[in-house]
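6 protein chains.
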Amino acid sequence: MNELGVVYRNIRRADSDIAAKLGALGVATVHEAMGRSGLMKPYMRPIYAGASTAGTAVTVLMHPGDNWMLHVVAEEIRPGDLVVAAVTADCTDGYFGDLLATSFKARGARGLVIDAGVRDVRTLGEMQFPVWSKAVSAKGTVKATLGSVNVPVVCAGALVHPGDIVVADDDGVVVVPAGDAQKTLQAAAAREANEGDKRAKLAAGALGLDMYGMREPLARAGLRYVD
Amino acid sequence: MNELGVVYRNIRRADSDIAAKLGALGVATVHEAMGRSGLMKPYMRPIYAGASTAGTAVTVLMHPGDNWMLHVVAEEIRPGDLVVAAVTADCTDGYFGDLLATSFKARGARGLVIDAGVRDVRTLGEMQFPVWSKAVSAKGTVKATLGSVNVPVVCAGALVHPGDIVVADDDGVVVVPAGDAQKTLQAAAAREANEGDKRAKLAAGALGLDMYGMREPLARAGLRYVD
Amino acid sequence: MNELGVVYRNIRRADSDIAAKLGALGVATVHEAMGRSGLMKPYMRPIYAGASTAGTAVTVLMHPGDNWMLHVVAEEIRPGDLVVAAVTADCTDGYFGDLLATSFKARGARGLVIDAGVRDVRTLGEMQFPVWSKAVSAKGTVKATLGSVNVPVVCAGALVHPGDIVVADDDGVVVVPAGDAQKTLQAAAAREANEGDKRAKLAAGALGLDMYGMREPLARAGLRYVD
Amino acid sequence: MNELGVVYRNIRRADSDIAAKLGALGVATVHEAMGRSGLMKPYMRPIYAGASTAGTAVTVLMHPGDNWMLHVVAEEIRPGDLVVAAVTADCTDGYFGDLLATSFKARGARGLVIDAGVRDVRTLGEMQFPVWSKAVSAKGTVKATLGSVNVPVVCAGALVHPGDIVVADDDGVVVVPAGDAQKTLQAAAAREANEGDKRAKLAAGALGLDMYGMREPLARAGLRYVD
Amino acid sequence: MNELGVVYRNIRRADSDIAAKLGALGVATVHEAMGRSGLMKPYMRPIYAGASTAGTAVTVLMHPGDNWMLHVVAEEIRPGDLVVAAVTADCTDGYFGDLLATSFKARGARGLVIDAGVRDVRTLGEMQFPVWSKAVSAKGTVKATLGSVNVPVVCAGALVHPGDIVVADDDGVVVVPAGDAQKTLQAAAAREANEGDKRAKLAAGALGLDMYGMREPLARAGLRYVD
Amino acid sequence: MNELGVVYRNIRRADSDIAAKLGALGVATVHEAMGRSGLMKPYMRPIYAGASTAGTAVTVLMHPGDNWMLHVVAEEIRPGDLVVAAVTADCTDGYFGDLLATSFKARGARGLVIDAGVRDVRTLGEMQFPVWSKAVSAKGTVKATLGSVNVPVVCAGALVHPGDIVVADDDGVVVVPAGDAQKTLQAAAAREANEGDKRAKLAAGALGLDMYGMREPLARAGLRYVD
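The listed protein sequences derive, respectively, from chains A, B, C, D, E and F.
Numbering-wise, the numbering used here puts 173 at position 173 of the first sequence, and it's gapless, one number per residue.
Numbering-wise, the numbering used here puts 188 at position 188 of the second sequence, and it's gapless, one number per residue.
Numbering-wise, the numbering used here puts 113 at position 113 of the third sequence, and it's gapless, one number per residue.
Numbering-wise, the numbering used here puts 8 at position 8 of the fourth sequence, and it's gapless, one number per residue.
Numbering-wise, the numbering used here puts 26 at position 26 of the fifth sequence, and it's gapless, one number per residue.
Numbering-wise, the numbering used here puts 203 at position 203 of the sixth sequence, and it's gapless, one number per residue.
Each hint should be verified, as a subset may be incorrect.
[Unchecked claim] Straight line, CA to CA, 20 Å or less: simulated SDA-like cross-link-like pairs of lysine to any residue: (1) D:183 <-> D:49; (2) D:198 <-> D:187; (3) F:143 <-> E:217; (4) B:183 <-> B:193; (5) B:198 <-> A:126; (6) E:183 <-> C:5; (7) A:105 <-> B:43; (8) B:105 <-> C:201; (9) E:143 <-> E:6; (10) C:143 <-> A:191; (11) A:198 <-> C:75; (12) F:41 <-> D:12; (13) C:41 <-> B:43; (14) F:105 <-> E:203; (15) F:143 <-> C:5.
Keep in mind that the hints were calculated from the coordinates and are not lab data.
Kindly produce the complete structure, drawing on both the sequences and the hints.
Rendered as structure tokens:
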């Protein structure tokens, strides 16, 4: 049962070094390394091209049209955290703007991932404060109802526990459970190491059909060529 | 009842100085100053990043797939106007392109807000002619049926009367009724004046919880901290 | 009946010179020259601003969540081709990333038009490999089921035959049947030639109402001016 | 500027006899009689098939996720009224259920038109209390923020003033401004009278092409028959 | 290139007996028999539950907001035909109502499949005239621009040639190319014959895992059971 | 990390008596009793009006366009279970039809909740096998890739653990964590007991304003009446 009106102050954060390394590997590689899981819905988009970040999740759950808890979560941010904000129902209101961004940044936040709208996006871009959101909207919110901080939330279709690692870039947002951080990093790094060589071969004209040994399984599956 | 087939030529425009000042304050601030009203739906997006404008509304109502009235409205544009175009049903067709933009610009238009699609967007960007639209589409339109010019229209969920002030930027589009222009400017300017100081405090690490005096009402509402 | 599991290797491509010329004229002009037909749905967007291309279509049909056939189609690409990818049902998964782009580019592809999602979009932008897609998603795909290559496909609402010319830019994507290429080029070029003069007149303040002789038909249709 | 926190108690209602007669004519006919205007967006659907009603509008404006004002509007309902509820931003929450329906019905309401969600729809159907909404959702709302009653609202794209006539059936919802009620009724009735005869002819195999004299204008427009 | 302004009067219709038999087998079975192809997008829904039909396609292509060609296509209907209507851009307007339905029915039409909106849906239900559409909308259309009749069209993502068989029921709409009608019927009938036996076994508690021999391929693919 | 390719056979189911009692109370009441949490997105709709069920969740996670695991989950169903099916990306394909329904029913399943499409919906209605889905689509799926059974899944925005209670009716679908079942039942029953009395008072014309003591807080919040 979602607890509303509670702020959990002591959460166990994943290792911030691992977060940084996963961030460098990027969302697509990390998502593959996790067995193609943990991805938020593709409607989550960065507010400016080239935004890229990674951090440990501090979560917040809010009601539609009410951003009161964003002020509460600000106090819980530690350097290296990334705020993940969920709403109990679909809402595109602008929950977050330049004043909150100034505060989050001062607290050391690496960015915001919010399943709702944000505003002041030009200023946020100038501040280089990275945000992934469902919408951009100038629509303001009220401060009237309680939500919670640092409870597990479902954000844009993905389950996020406080302390999980969240990686976000132009390709979207992926959540790495804290307990899987180390092995995910290994798998992702291995995958990445493998890619440079492949890229060089493909650039030279090699075909994936040959490089990945696909011709035989395609033939077995019944693929037929007609000249 | 929507009048179709009528062009009102004499409209009372709001003060263009106020329009310019509201434009400088931006959509989010103006929208807040209006008591969080007057905003168009967030699906209205600028065709290039950084687009920003404000002007007095010249309105046009059209049928789906038919842009004939955009040629009629061109003649009604005076310097400082911004054209607000509504369609009687949902349509993403490209009603507007570089030729019309050239004409609108020559007439002194500050931009276009259209609840439909536009095209030639690269050229429009090069011309720095700002447009907010629901879609980008190369799909052309016909010129077969009458609409109206300078009647009140509902555009992207907002009511716009001819002569109202319309402010648009990266955060969306807001409509300020002509009769509310002066007091909205005062409220928006007061709000803005107030923000610089807040920003400095937040940047220095102050919390909104303290700055806005939220701790007590949050506690009263039942917020519980768990260490 | 859609053939699945077949690769047609010999297709008749439209003239690549005509493709290049149509590309220079742009999607909106070509679409108009075709009598306002052949356009894909406006949800197809370029992954970076300013992307623009034209080529002869090599088509591929895939199942949702399965990009195996993209490796098959790579072998069929000839310099000047543009890959058009359709899926048998709506899907936003990331079918295509930087490795496949490296391969496609090495084979001479002019770009990709895909009615699904793509990923590694920052790298694709750096490579200047133009892609039009329905979504951006890091979500990976499997390689388990057969589709077909170089069969006629419906992509984003438009019918594409292998060898047709496809033109894509910021305004969207348009398909020119191979058999109509020559006459479309003529019509588009004529249209274009006509526009420079119009643009100059409009920039000087002329009204479309006069330039296109619209006053009389508008009056006949019943347009009424109220001073 | 939207006034928030105000209840207007004295509104001038259109004639309820006219409302009833317009209701009998149906949404499509009334919409045509109004020159194809006044229609809400087609996402507004009845919660049960066959729902049909008409009444004088009592309006209410609310914030997303907050239905407090529905209790306020209940007191303003007079027999023959139909409640029109708008929200300041997109929201699918369930604002209205069987208890409020019981109350509205007891006050004489003819139904509800709401640009948001409702719940308890099976019970509402059993009560035969007609509702048109954007969504069905069990998601509850809070009672924390003020809106207004009997201010002009934009509901599902249509402007509604308190006292206007609203007609709703399986085809959607149409708004007839109070001042246009009489002439709309005449136009709608004339249109209806005309249809019985047409229907009989068409049922006997007559073609609209002949009945409406379309052959000549089609030929003039260039329609070409190929045998 | 889409021809606009042309009516093809002589089309080769598929066998109406086969159409009727395919209709009895239903959309899901026919779609499977076609190798899972030919299906329209799932947003196409019947206007009343239980609607079911099949016929030979008479096609019509129209512009957004303009239903003039529906009067033209009426004359081309022969008993056993089903009208398939496409629009050159997305549109939800109500193109079709009870008068046109009366006419279509009198001409022997088996129903309508339209990638747009319809109205008078209660009356259409009472007439038992089956319609599959993208939307229900009372929004009327104009009669101003030419489209075409009996040209190939893309309707809701599926390619339809005049004379093809179209089958529609609660599960959606599927198109069977005229040349594939006979073999599709055989495949569909074989599939159906096979299902009664399967159904009896499953009802008796047999598992698909055993009945379809899936245990071995699942184990080979790596499926792991944890007790 | 989502485990793919695993079937957990021993899950701890919540009490089936409590499930039945929660089902009788209905989704809206249960959702309120849970503090307005646990609800799936409102796009989840029953395939026939009046569908209503409750059971203990058996979960299944699948890839887009691949329903192989539905055959695997069938074996894990015990009487009183309700299958909850999630997909790793958005997909509207028809994963489930009458044969699987026959099998599920024979195993004692109370219904299916699936964040994707289903088909054979008329037959499913005749069988009175209740299904809540995102779409209806005849589009068939392949059987090529592994997913998992009885892992935690996010379905339509809600987190579901195997053994949780799921309640579904016309208002949507709500998930009650197994550990909260008993207290949720108490809260829901208390809420229900309370409603009969309220309903009677409201039916007699009492106002919620008085019954819930809202006049004073509304006045305090600043509500203003204008006569």
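Problem set entry | Violated constraints from the hint list, given by number and in increasing order | Hints 1, 7, 12 are the ones this structure does not satisfy, whereas the remaining hints hold.
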